[in-house]
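Using our numbering, you'd call the opening residue of the sequence shown number 3 and step up by one each time.
No lab work stands behind these hints: they were computed from the structure. Because the structure is a prediction, the values reported are computed rather than measured. Worth double-checking, as some hints may not be accurate.
To be verified - Pairs of lysine-lysine, DSSO-like flavour, derived with a Cα cap of 27 Å:
id: 1; residue 1: Lys556; residue 2: Lys400
id: 2; residue 1: Lys400; residue 2: Lys102
id: 3; residue 1: Lys347; residue 2: Lys511
id: 4; residue 1: Lys347; residue 2: Lys494
id: 5; residue 1: Lys38; residue 2: Lys511
id: 6; residue 1: Lys556; residue 2: Lys33
id: 7; residue 1: Lys77; residue 2: Lys180
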Amino acid sequence: MRISRWIFAAVLAGAPLVFAVDTESWVHNDKTDFEKGILKNLSLRSNGRLTLAPEFRELADLSVAYLWTMAADSKGILYTGGGNPGSSTSKVFAVDTAGKSRTVAEVPGLQIQAIAVDRQDRVYAATAPDGKVYRITSGGKADVFYDPKAHYIWALAFNAAGDLFVATGDAGEIHRVKPDGTGSVFFRTEETHARSMAVDGKDNLIVGTEPSGLILRISPAGEGFVLYQAARREVTAVAVAPDGSIYAAAVGTKSGNTGYTLAIPTPPPAPAPGSAQGAGPRAGSSLPPGPGMPPPATASVAGGSEVYRIATDNYPQKVWAHPVDIVYAIAFDSGGHAILGTGNKGNLYRVESQLVSTLLINADPTQITALTSGPSGRLFAVTGNVGKLYAIGPGLEKQGTYESEPLDVGFFSFWGRASGKSDLNGGTVQFETRSGNLDRTLSNWSRWAPPDGQQRVTSPSARFLQYRVSLTAGPSGLSPELREIEVAWKAKNVAPVIEQIEITPANYKFNASSILSATSPVPTISLQPIGSPRRTTTALTVDTTSASAMIYAKGFSGARWSSTDPNGDEMLYKVEIRGVKEHTWRLLRDKLKEKYLAIDSTSFPDGEYTLRVTATDAPDNPADQAISTVLESDRFVLDNTPPVIRNLTGTRSGDRLTIRWGAQDSRSIVSKSEYSLNGTDWILSDPVNGLSDASELDYSLSLTAAGTEAVVAVRVTDEYDNQSVAKVVIP
């Protein structure tokens, strides 16, 4: 066996094979990876292997909306049937293995739900919603063979003696019909629908029900035994494997039964309940009957499907599940593996074990509704929406392709090393790429391009990349097996962005210490998110986010900033300061990791200043590829000089004291003035004009003070918390 590993080197001509730390890779080696792309003539195994799919060829387009059933006679002729919306009759078709088709008969009814062929190659067709079984002669005459007086007939099956069994709903009865057309109720499931049916090698009936999701075995004597109760509501298909084990598929949830729709799209029938002649034995268990069901309509079953295998010793085991696909049919390939026909994406699966399954084919129609095993390992399938008949296998397709979903880097990027792991088995695996800057590939992308002679990807640099892999069988017909694809990429380095610089309140610094107690007497403030309207909350609680929690520290001034790097690179910051009339920036801090900084402003003269913050992505890029960006703050004031108290005077008239003073600040508003009489607590005093809104204010105060001497102290504060104190002694 030849193992291939193909490698495509770096896109950049002459670039060394040393990638920066931000080089990324897409690695596709799992089923969930490949499910996102488009498979054409390829099968996808649950372990992530891609191989050529079985041959899938249309044999006949029968020009009906749905085909729901299929059976073969002893000569290999396939029989199926269906109808069209608005028609009162349905057609039964015969198709030979070469694809030649003919209409065998036309019978009353909107749909044909089941077909069976007896040992004399006579064809039996069951209709819905009329619920009758027609026997069709070789001359095309269709006569009512049996009328079970039921709304629905879901399945037909013959036993070894030639008796025909009819599975029905809404009463969930199984009828047995003799070759002469006389019949009666053979078994009552005590369910609403006997939804699916098969016969095993001992002439036991295997029946799936709705709504309890039962899988029943009914002996030739009419004794019922529940083999398994599925977690799902409706058992849509049952089949007996060559080794005698039973496979059953179940869909629908059992909760919220009201309004449940059976997993079979048929036009709504006119309700015409009837009763069948005779009576038969009931199931041994006492199961409550299911709630009344509405007529079947277009399927809208949520929750996908589960498939169970019941071994010959009756041990049940879930072997397959899918969250979306609905299983309609089960057959077996030449190796005895269960083949599942599903909707509503036309997927055909092979179940190889409890852990391994393969998506064999993705068919164009919406549903694969019935399967029949043919000679030499061939399978046949019929579909709904629209009704066609297909042949599957036994050989493989000669070529198939996988087309990935558009792979989005998020930025303009360079495509790096791509590699694949595959077993060629005498065939070939070819790799192509295309690129673009739209999230859809319908137009305006580059052309598909193979690697050049030096194995470099030739697709132009862009934001999106898509790859296509083609598998071709060798002369022996064996399929290559693709196990993994890896594509490396490196986004173009884009400059960091500093969105905003915010000057924080004066006289506060960022709380770098995590040991500050919530009961600390030091005032703290919590800043709003950067860019929000300036509003701070004073509290004695500790915010663990250092960029938003600040503690009082007289003379400190700070700033914080918001920044992003489109590449997700780590950034470092440099912070500089310059006076308004200065020309040289002075460094405050370099290689700063945090997005905030506080400085002791008392080392700077009072005045207006500007900060400059530089962000660099150097930590995640080579020195010659690192990029920086710069942003300057708005002007801000450093003011550590207290206001001046002027003309402080005090006079007495008996017990009445009159105190007058003025306050002036050179850079900021005088925000507060207080007084204290004879060393008592400080008391606020409003300016003469009533508003603290100017850098120069006058104050006047009248007090009552008995005694021979009074001492009045005044204290004024500017908006930067600078204070001055003075006193006057009044005899």
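Tested hints:
1. Lys556 x Lys400: Status violated; Cα separation ~82 Å.
2. Lys400 x Lys102: 25 Å, holds
3. Lys347 x Lys511: 62 Å, violated
4. Lys347 x Lys494: 39 Å, violated
5. Lys38 x Lys511: Distance ~52 Å between Lys38 and Lys511 Cα, so the pair is violated.
6. Lys556 x Lys33: 63 Å, violated
7. Lys77 x Lys180: OK: Lys77 and Lys180 at ~24 Å, within 27 Å.
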